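Participant: If you read the sequences in order, they're chains A and B.
Letter by letter, the first sequence follows residues 1 to 199 in full-length UniProt numbering.
Letter by letter, the second sequence follows residues 1 to 310 in full-length UniProt numbering.
Source of the hints: derived by calculation from the structure; they are not laboratory data.
One should not assume that every hint holds.
Label-pair restraints from in silico Cβ distances [as the list claims (entries may be wrong)]:
#1 A132/B x V47/A: 49 to 59 angstroms
#2 V281/B x W85/A: 43 to 53 angstroms
#3 V47/A x P66/B: 16 to 26 angstroms
Example chain B residues on the side facing chain A (calculated, C-beta under 8 angstroms, incomplete) [what the hints assert, rightly or not]:
#4 V62
#5 A95
#6 L244
#7 W247
As the structure is a prediction and not an experimental result, all values here were calculated from the model.
C-beta atoms are modelled at their ideal positions from N, C-alpha and C, and glycine is treated no differently.
Spelled out from the first residue to the last, the chains are:
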Amino acid sequence: MDAVLSYNLTDLVPFGPETYHRLFARLNAALWPGPLLLPLVGAGLVVLAWRAPRGAGRVTAGALGLAWLWVGWDVLLGRFGPLLWAAPYAAALVWIQGAAMLLAGALAGATPARRGPSVGHGLGLLLALAGVVAWPLSAPLSGRPWIQAEVVGLAPDPTALLTLGLLLMAGGRVRWGLMVIPVVWLALSTAVHVAMAQV
Amino acid sequence: MSANAVSSRRALLGALTGLGALAVTGGVTSVRAAPSRLSKPIPSTGEQIPAIGMGTWITFNVGDDPVLRAQRTEVLRAFFDAGGGLIDSSPMYGASPRVVGHALAALGRPAGLLSATKVWTSTVADGPAEIARSADWWGVETFDLLQVHNLLAWEGHLETLFAMKAAGRLRYVGVTTSHGRRHGELARIMERHPLDFVQLTYNAVDRAAEDRLLPLARERGIAVIANRPFRRGALVDRAQRRPLPAWAGELDCATWPAVLLKYIISHPAVTCAIPATSQVVHMRENMAAMTGVVPDAAQRRRIAAAVSDL
């Protein structure tokens with residue numbers, strides 16, 4: 001265990017940025033026009049959370065649950081599986097989140113929609129928009145082709161951002177528990193991006 | 001390469017570069033190597049292998065991406081065109097072994113390959129199946145060299161590997177470590193087991209192996225593979241902020257990577273360095289370190305001082 005702990009994260013990430021970004025380009029090409037449509041669905045969920053009609057919490061939790069399950073299956077197990085020995089563990093983490101979100105969606109009042117304004121509501125809106133709009137734009141803004149954009153519902157990072165944002169905009173105590181895995185995911189992903197930047 | 005044959009090209013390389021290798025083994029004088037590529041002997045058999053091999057960590061982990069696989073195939077072509085031999089991988093490296101296998105098949109199974117991979121599982125009983133899977137990925141019947149990855153469950157795996165060697169299903173047995181870890185344990189293994197190879201981190205900055213492991217390898221007749229020759233590229237990045245010193249020309253080095261690699265392979269105990277790259281131009285720079293002058297002790301000190309000042 002001591003030996004494992006003595007490794008830097010950079011020693012444990014076995015792929016470089018070229019492989020990583022091209023993986024999402026190939027994913028987007030394979031699932032086209034999903035990368036075009038899913039941000040619109042994500043934007044619709046943000047509007048729903050903002051307007052907070054009756055039942056909005058169940059719809060957003062259910063939709064996000066399906067997104068997490070898909071990301072675990074397609075991206076982590078299917079696409080990163082051959083590249084990364086830890087991919088099945090990451091997929092398991094993501095599936096737990098998906099199942100928990102679906103359960104929350106099924107339970108009436110678990111994550112009820114809540115009208116703003118409040119600090120949490122505003123922060124949630126910012127995070128949700130970051131997931132739906134800013135994250136995909138980071139590809140062209142950093143000089144990479146559009147086709148490498150990571151979009152909500154197909155890529156884990158923007159899905160985690162949208163989930164955190166919508167949970168912050170929602171009400172109920174359950175939402176705090178539902179935020180744990182997205183926060184852990186974003187921390188892991190940040191570390192992976194830092195490691196890739198050193199390749 | 002077949003399990004029982006040394007390629008004629010490798011034998012020729014050995015003959016051509018014997019003078020240079022002898023000079024390196026002495027390690028005290030600057031000698032202009034024969035006008036070909038530096039090879040070094042594996043002490044346990046005397047087989048000569050090119051002093052620059054190829055690592056596959058990160059660089060060959062490109063999955064089934066056809067564009068990147070084609071690029072890596074060209075990297076491998078440049079490697080063999082420049083006289084390369086040893087390719088090192090591991091089941092830990094994701095798709096790298098499969099991409100190596102794909103590239104080798106695309107190149108028509110080049111002569112001169114010395115196939116080296118590792119066994120990397122904490123369950124000793126799973127070792128043979130993992131090795132068989134690796135062979136399938138590479139497209140080889142047997143490996144030339146199998147190593148216990150980072151000393152993981154090394155006692156049981158060494159039993160397996162020595163049994164394979166005794167049965168003629170493996171030519172060389174080794175163990176690996178990296179990042180300067182567990183040198184004490186590695187030394188004890190080297191003292192007690194008839195290893196053909198050890199793999200460890202050695203470069204112009206990470207020189208801990210000079211104290212005990214490299215002398216021990218010479219004493220015990222164990223070949224040494226030096227991994228992380230560039231600290232995963234960081235040393236090259238640091239070095240290239242400065243112009244190449246004028247004395248690099250005396251070493252027949254046109255680039256910093258060649259200087260860094262010559263430091264490693266000029267150590268008398270080091271058999272082979274395994275830089276990894278995803279670019280053909282970098283592969284050619286790396287392989288150029290096998291040609292020209294082999295640094296003597298004074299020149300090695302100058303390289304180490306220059307790199308530590310970066």
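Participant: Could you work out which of the previously given hints the structure breaks and list their numbers from low to high?
Facilitator: 2, 3, 6 and 7
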